[in-house]
Structures are given as C-alpha cells and as structure tokens.
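Trainee: Spelled out, the chains give:
4 protein chains.
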Amino acid sequence: MASKEEITQFLRNVFPQAPIEVEAAAPMSAIVRFKVTEKSLRPGGSVSGPVLMTLADTALYVAILATIGIVPMAVTTNLNINFLRMPKAEKDVVGECKMIKVGKTLAIGEVFIYSDGEEAPVAHATGTYSIPPNRDLKTANR
Amino acid sequence: MASKEEITQFLRNVFPQAPIEVEAAAPMSAIVRFKVTEKSLRPGGSVSGPVLMTLADTALYVAILATIGIVPMAVTTNLNINFLRMPKAEKDVVGECKMIKVGKTLAIGEVFIYSDGEEAPVAHATGTYSIPPNRDLKTANR
Amino acid sequence: MASKEEITQFLRNVFPQAPIEVEAAAPMSAIVRFKVTEKSLRPGGSVSGPVLMTLADTALYVAILATIGIVPMAVTTNLNINFLRMPKAEKDVVGECKMIKVGKTLAIGEVFIYSDGEEAPVAHATGTYSIPPNRDLKTANR
Amino acid sequence: MASKEEITQFLRNVFPQAPIEVEAAAPMSAIVRFKVTEKSLRPGGSVSGPVLMTLADTALYVAILATIGIVPMAVTTNLNINFLRMPKAEKDVVGECKMIKVGKTLAIGEVFIYSDGEEAPVAHATGTYSIPPNRDLKTANR
Numbered sequence: 001m002a003s004k005e006e007i008t009q010f011l012r013n014v015f016p017q018a019p020i021e022v023e024a025a026a027p028m029s030a031i032v033r034f035k036v037t038e039k040s041l042r043p044g045g046s047v048s049g050p051v052l053m054t055l056a057d058t059a060l061y062v063a064i065l066a067t068i069g070i071v072p073m074a075v076t077t078n079l080n081i082n083f084l085r086m087p088k089a090e091k092d093v094v095g096e097c098k099m100i101k102v103g104k105t106l107a108i109g110e111v112f113i114y115s116d117g118e119e120a121p122v123a124h125a126t127g128t129y130s131i132p133p134n135r136d137l138k139t140a141n142r
Numbered sequence: 001m002a003s004k005e006e007i008t009q010f011l012r013n014v015f016p017q018a019p020i021e022v023e024a025a026a027p028m029s030a031i032v033r034f035k036v037t038e039k040s041l042r043p044g045g046s047v048s049g050p051v052l053m054t055l056a057d058t059a060l061y062v063a064i065l066a067t068i069g070i071v072p073m074a075v076t077t078n079l080n081i082n083f084l085r086m087p088k089a090e091k092d093v094v095g096e097c098k099m100i101k102v103g104k105t106l107a108i109g110e111v112f113i114y115s116d117g118e119e120a121p122v123a124h125a126t127g128t129y130s131i132p133p134n135r136d137l138k139t140a141n142r
Numbered sequence: 001m002a003s004k005e006e007i008t009q010f011l012r013n014v015f016p017q018a019p020i021e022v023e024a025a026a027p028m029s030a031i032v033r034f035k036v037t038e039k040s041l042r043p044g045g046s047v048s049g050p051v052l053m054t055l056a057d058t059a060l061y062v063a064i065l066a067t068i069g070i071v072p073m074a075v076t077t078n079l080n081i082n083f084l085r086m087p088k089a090e091k092d093v094v095g096e097c098k099m100i101k102v103g104k105t106l107a108i109g110e111v112f113i114y115s116d117g118e119e120a121p122v123a124h125a126t127g128t129y130s131i132p133p134n135r136d137l138k139t140a141n142r
Numbered sequence: 001m002a003s004k005e006e007i008t009q010f011l012r013n014v015f016p017q018a019p020i021e022v023e024a025a026a027p028m029s030a031i032v033r034f035k036v037t038e039k040s041l042r043p044g045g046s047v048s049g050p051v052l053m054t055l056a057d058t059a060l061y062v063a064i065l066a067t068i069g070i071v072p073m074a075v076t077t078n079l080n081i082n083f084l085r086m087p088k089a090e091k092d093v094v095g096e097c098k099m100i101k102v103g104k105t106l107a108i109g110e111v112f113i114y115s116d117g118e119e120a121p122v123a124h125a126t127g128t129y130s131i132p133p134n135r136d137l138k139t140a141n142r
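Chains as they are written, first to last, in my numbering: chain A, 1 to 142; chain B, 1 to 142; chain C, 1 to 142; chain D, 1 to 142.
With the rest of the complex left out, here is chain A:
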C-alpha cells in the first residue's frame, strides 16, 4: 500500500511534466485529474483521445500503487477504451478507477472518465497491468 502523498511524490519524480494530479488513492481505487490546457485539445475543441487514454492508464497505475505499494516496473499489458461523448474543452478530465482484481501477476481495473463536474462519463476504459514477480524486494528497497 502507498498513500496519496507517496504516490504523488513518486509520479512527480518519474513524470515531472505530466499535468496529472492524484485526488484520491486507496486500496483498489483512485481518482486522478488531468489538467486540460490548449495543448490537450483536438479539432472541434474537445479534449483529445490520447489525453483520455493517458488519464485512464495513469488512474489504473495509481490505484495499483495504492493497493500494492510503489512498484515502478508494473507495466500495462492491455488497455481497452470506449469513447462515449465529446469532453468539454474548457474542463479538466477526471478518471475514477476501481480495481476489479489485483492478483499476484496481473491487476485488472476499470476507469470511468468525466469532464470535471459532469454526470455523464466521456469514456470508459478497462486495463490490465503486469506486476513483476520480484515486487517484494523492490517495495522493500524503495
């Protein structure tokens, strides 16, 4: 298990430029915000698909770290995302992740993504992370 503060610190070290903010992190769940700027938009004035995919992937990573501790080498093996509605251009996007299963070698979760404050999701993703077998050593040494 890692706390919201530990995860935030870890992400800042490894992805210093990512416009990502951890809003909540607890075993089996996480809420992560992507701060939308001009750069994140696509034609039509909406947040781009890659931004939503980045957010989904990060929300899964944060929820896994919150569940099993800081495991830098956990890697995505599969991500499936459905885009549901155009996000609002002027709003951040927020990903709410619930882990479905965290096993010894694979962790699977889902993420609903919302334009900040809106009720209807703009995307839904399911993702699988592979957890390295020697994670106990790694987390012990962190």
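Hints are computed from structural coordinates only; laboratory data are not their basis.
Please note that a few of the clues may not be correct.
Identical chains blur together in the list; that is why a pair holds if it fits in one copy or across any two.
EDC-like mimics (lysine to aspartate or glutamate), calculated; alpha carbons at most 20 Å apart, straight line [unchecked claim]:
(1) K88 <-> E118
(2) K101 <-> E119
(3) K98 <-> E119
(4) K104 <-> E119
(5) K101 <-> D116
(6) K101 <-> E118
(7) K91 <-> E21
(8) K39 <-> E21
(9) K4 <-> E96
(10) K88 <-> E38
(11) K88 <-> E21
(12) K35 <-> E90
(13) K35 <-> E23
(14) K91 <-> E119
Please read these numbers as outputs of a predicted model, since none were measured by experiment.
Could you slot chains B, C and D onto chain A? The hints should help.
Mentor: Only chains B, C and D this time, still in chain A's reference frame:
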C-alpha cells in the same frame, strides 16, 4: 482520399506540437513515426504506454484520412491495445496501420508498433473511428 | 422498453435452445443466468470461455432490449472480455449488466460475470451494440 | 509443437460435441472452421456473435498448441472482437489466426474470420492466453 502531404499539413495545423511524422499514407494504410524524446520515457527507460496509444490512434486517423479525405470530425470510438515488449528508449516508435474495413459510418483498423528498425513489434492495437454522416459536405468545404 | 417477460418470450422464439434465463431486466440493466451443463465445461473442469462470452453478449442484449424495446436487429459491434478466475464447474454463471450509454446508434455496457452465489467475479466484459436507425418502425411493428 | 492431427485428436477428446474442424496448424498460425447449422443462427438469418467468438477463441488455442505443444491448461485472459459484416447464414465460418507473440507466460494473436470462400472478413479478434508456468512437465507427460 488525401495525400501524405495534405495529411501532414492538416495535422500540423491542428496538432502543431505533436512529435508525429507521416511516413506513408495510402488508401487503407499508413505509416506514422513518433519522435521519442526524454519526455516520452517512463521509469525503466522505456517509451511510455500513452506514447504508444497516441501513435496507434494517430496512425489510424492518418490511414482513414488517406482513404476518405480530410474529415476533421472523425473520432475514435474504441481502441484496444496490447503491449508486447519494452520499446527501446533511444529509438523512435513507428506505427504501421492497415485498415480492416472503412464503411459509411465506422472505420476499423489495426496498428503494429515497432521500435524503429526492430523486427518484433512492441505493441498491437485495434481501433474504431466513427465517421460523421455529412462528411461529403465537410470534405467539399475544406 | 420491454419487460422481463417480453424479453424472455422473444429470446425463446429466436434462440429456442439457448440455456439462458433472464433473471432481471430493467432500463439500463439486466441479470442473466447461463445454466451450466456437462457441455459447457472445458479441460480442468471449468466453464468454457465461449460460454462466458455468450453470457456477456446476451446480458448486454437483454439490457438494451429492456431499455429501448424489442429491436431484433441490434447487433454487437465490439466485445472485450477479461477472464479473471476459473469459474466453478458445478455452478451456473450469472451476468450482471449495466449499460454505460444508450445513444441513438450505439449502446455500450459492461457485464460482471459470477459463478452463482460467489462474491468474486470470474470475468468482466465491455460491449458495444449498433442500433439500427429505423428502430422506431421496427418496434412499432413488433 | 503439436501437429494438426494431434490437435484435432486432443480437441475431440476434450470438446467432443464442438462443430469445429482444424484445417491447418503450424507454429504461430492456424486455420479453423466452424460448421454452421440451424443452431448457430440469430434473428436476421446470420451466424450469431457467440459462434464467431467461439471460433476466434478456438483458433487462438489451436495456433498456441501448434506452437508450444498440447498444453491443456492454457486459458484465455483477454479477448477483443470487432464484428464487421453480417456473415452469410448458409456458409461455414473460417478463422485464420496469426500469433503476434508467444512468450513464456503470455501468448497474443489475432484472428480474421470469414464466411467460407468470401474475401471480406466478417470479424477480427485479438486474444491473449496465459500459459501455465509448468508447461514443460505437462507436455513431457502428455
């Protein structure tokens, strides 16, 4: 149909900062390069998952534009990606897209992603784009 | 909207041999049971993957019919399923579907599948159905 | 590695009733036929989605067995399928599988599905199998 040059120009207008280069574009296929920099890396020194997802999504977009012309409002509805191997940190990643079907309202294709010059793919994606119904008017007015 | 009884009757007419039972059906959700027999098992004594995929697909179909009425020509366009645990061989499998979005032309939902009475899901699926444009006429004529 | 004949024999033992025929099996690839009967159809006279999913899953399984030998406990962990066109009701469906990667613990491949003799695919699937770690013992003992 749009040429490689038209698509390159279009992408530069709408995504001026994207480190993306169209290497080939023909009806039903495209090859797109993502120029890897320090910013694209993740812990362990590998290209990050979101970079590969961005590349897959863009390669599909380019192949669709090459097939049906410049249709800005085509949007991704589903993307599924499997990550196969760690990309080489010091190499660009290249996505080779083949469209499987381009229908009136949906276009589906697949993308193999490689570290530049390597034989074994680092990721494989399948994606669906929704094509707006009034695309003829839009392309006529572009 | 169609009731549980109308959907059960419809499924019996079109899939007379399917070992499927609608347990609940309401707008945006459904619970469907697949009655496991010898035939549904695979090596190792577990329920086969295709049975779980059939159940996921059917649960989505039932939830959509419960939401928009009997629309025979609604067809799956995408299904993504993650298998989480071996189902118990001696138990039925039950799919609990929640629709995420039912739009004019596409309906997207997710299904958690359980061995009957167990707490941990054996599979999780996300699926998209395409809804034919002239559904009002069809449902009016049914 | 297992031959087409060994795989056919194995499948007959474990799935005696499956209307499946192995047409080709070689390392990293397979061609599998599903013999369509009245039972496989859905409203509108087309082959049902679950039949295509079963075929995709089986084609992957056959290609994996052809690559690493008879490993009964290999199990699907993820399957993603896009349905492209209505299959012809009166024709068998044929799945052509190419493995993308067969690693120590995960095997990933793709399957194009055709109505027998037709040129345009009716579906495309990508799937991942988990390979049990002690497969060498198992295959040695088979």
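Trainee: Could you tell me which of the numbered hints above are not met by this structure, giving the numbers in increasing order?
Mentor: none
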